[in-house]
Amino acid sequence: MTRTMRTWRIVLVLAGIAVALLGAWIMVDTVAWKKILGLATWLAAAVIVHDAIIAPGVFAVDLAMRRIAGRRVPTGVIAIVQSGIVVGSVFTLVVVPEIVSQNVGKATGTLLTPDYGMRLGVMWIVVAALTALALVLYRVIRRRQKVLPSDDQD
Amino acid sequence: MRRLMYEMRRALQSPPRHPRLAVVVGRLLGAAFLVCFGTGLYSHFLQNPIPGMVFPTSPVVLYSWTQGIHVAAGIACFPLLLGKLYVVYPRLFVFPPVRGPIDLVERASIAVFVAASIVQIVTGLLNTYEWYPWPFPFRQVHYALAYVIVGSLVIHIGFKLPLIAEYWTKHRTADEEGQPLPVMETEGEDAGALRDTVAPGDAPRGLTGRVLRWIDATPDAEPRVSRRAFFATTVGVAAGVVALTAGQSFRVLAPLNAFAPRTMGIGPNRGLPVNRTAAAARITEDLVGDGWRLAVRGRDGVDRLFSYDQLLAMPQHGVDLPIACVEGWSQMATWRGVRLKELLAAVGRRPGEGARITSMEVRGSSRRSEMSAQFIDDDRTLVALRLNGDVLDMDHGYPARIIAPARPGALQTKWLGTIEVTRS
Chain A
28 MTRTMRTWRI VLVLAGIAVA LLGAWIMVDT VAWKKILGLA TWLAAAVIVH DAIIAPGVFA
88 VDLAMRRIAG RRVPTGVIAI VQSGIVVGSV FTLVVVPEIV SQNVGKATGT LLTPDYGMRL
148 GVMWIVVAAL TALALVLYRV IRRRQKVLPS DDQD
Chain B
808 MRRLMYEMRR ALQSPPRHPR LAVVVGRLLG AAFLVCFGTG LYSHFLQNPI PGMVFPTSPV
868 VLYSWTQGIH VAAGIACFPL LLGKLYVVYP RLFVFPPVRG PIDLVERASI AVFVAASIVQ
928 IVTGLLNTYE WYPWPFPFRQ VHYALAYVIV GSLVIHIGFK LPLIAEYWTK HRTADEEGQP
988 LPVMETEGED AGALRDTVAP GDAPRGLTGR VLRWIDATPD AEPRVSRRAF FATTVGVAAG
1048 VVALTAGQSF RVLAPLNAFA PRTMGIGPNR GLPVNRTAAA ARITEDLVGD GWRLAVRGRD
1108 GVDRLFSYDQ LLAMPQHGVD LPIACVEGWS QMATWRGVRL KELLAAVGRR PGEGARITSM
1168 EVRGSSRRSE MSAQFIDDDR TLVALRLNGD VLDMDHGYPA RIIAPARPGA LQTKWLGTIE
1228 VTRS
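Order-wise, the sequence lines are chains A and B. Quick note: the first sequence uses my numbering, first residue 28, plus one each step. Quick note: the second sequence uses my numbering, first residue 808, plus one each step.
Hints may be right or wrong, so weigh each one.
[Stated by the list, open to error] Simulated coverage check for chain A against chain B, where a stretch passes if three residues somewhere in it have a Cβ under 8 Å from a Cβ of chain B:
hint	segment
1	69–75
2	117–128
3	159–169
Worth flagging that the hints you see were computed from the coordinates, not collected in a lab. Beta carbons are placed, not taken as given, at the ideal position from N, Cα and C, and that holds for glycine.
Could you build all of it, start to finish, from the sequences and the hints given here?
Have a look at this one:
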């Protein structure tokens, strides 16, 4: 490691600690301790939900797909299907709380007006259709790639 | 335990879990967080200025852009953060978890960053839905956590600087055959040493061993395809969630707006959305009837009361200005009313003096706003009486409201009661 790199690392770590401490000070200065404890439960829950539920869940789904189909179908096919699932899942993650909010949040008449459930359903159909299209294109391209080398030899 | 943790990390290996992708996705996530931080600070200080701060009043769409970008970048952080966490997840099982005081700082900064980032983007998103299911105040916590996140991010970058430098460009990411190296081959820790010291027959037994053997028997993904698909999906989802939500802030994306909490063109006064209704603010017909007066107070004891008809009798000016909400949505509208500076001139306001504007609503964070001289002196700052060609709707602040360029909607005080000249 060069001396410049070492200096930069020290500067960044110290600057980061200073900024993080400023945030902690603002927190303590503006938020009651009881509320900070409430925040602490949310911070802990966030890590647990990701590290103990979402991440192992994603691993399990990936493993199961490779286990079931890995020997018979190319990685590209599995990757395209997985991409479709990820796209749909991230949108679902963002939109489901929106659907819940329509029932429990503030009603102003101009907030959260559309039927998000229906739109989410349409979105999944579109993602499924695009995934199918991508699979067809992938197959066509793979076939051409397999055919081309023998063409070159002619 | 060391062996178990090693096996966990080995089992979790997959081609995208590679330092190069950690750097590539990390760059995008870091950029998104810094954009959120910068635009968030701008919004914060507009609403809570430090004495001496001066803010531009042009372009008029400045705040609708900065806050629209703030929310869009925040939503883009969902796939980017999940993608980054996916790449580095095996690091959770490094053993021993902490190797010394400096290592403790690094691990702690990551724990703080992950926890705070998830809470920040989740609560930020729910705030745009105006749903607050948590036991702490949103505004203060969102502001304080922003510093904590950026601080821990900078600490993380400091610790990872050699790795970031090494993998900033593409080289050193593939083996001789051009295949991407798996993450454990490149992180140079106990993995290699442990692999060398563990005898082949020393595999875990019992349930753990069976699970690991089952995982080992699963066909591996082809690295290059898997890695490219991962990156394309992460960036694609980020672009997708922005494209399908940012239409609440940017007219050009409005036709694609499928999932934003606000839709342009829905609301009173020819389709202008409303954040706080008259009913929520407890503004009744009696309060805004014939007896309504706008009290304007100078600093030299000069007080004037203006009836609605007296305001209408003053010179009227028209401007096109957006309503730009802190929750990210914005929409351009045509306003007509009295210039604020002309109204304040009637009570002897001097150059450089500011104003405190108070609504008739009894409580609520948008009840009162402070306005500095540069906004008052702008010709486009009005006490608005008409909106999009009609009299202000009750929900838009009838009988009179403030509208000024490049300011958050929360400061565009509705149902005006009093305007006082202040020192600055």
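Evaluation of the provided hints:
Counting residues of the segment 69–75 of chain A whose beta carbon lies closer than 8 Å to any beta carbon of chain B gives 5, which reaches the threshold of three, so the coverage claim holds. Given as covered by chain B, the segment 117–128 of chain A passes the check, having 9 residues with a CB less than 8 Å from a CB of that chain where 3 are the minimum. Taking a C-beta to C-beta cut-off of 8 Å, the segment 159–169 of chain A contributes 0 residues in contact with chain B, too few for the three needed, and the coverage statement is violated.
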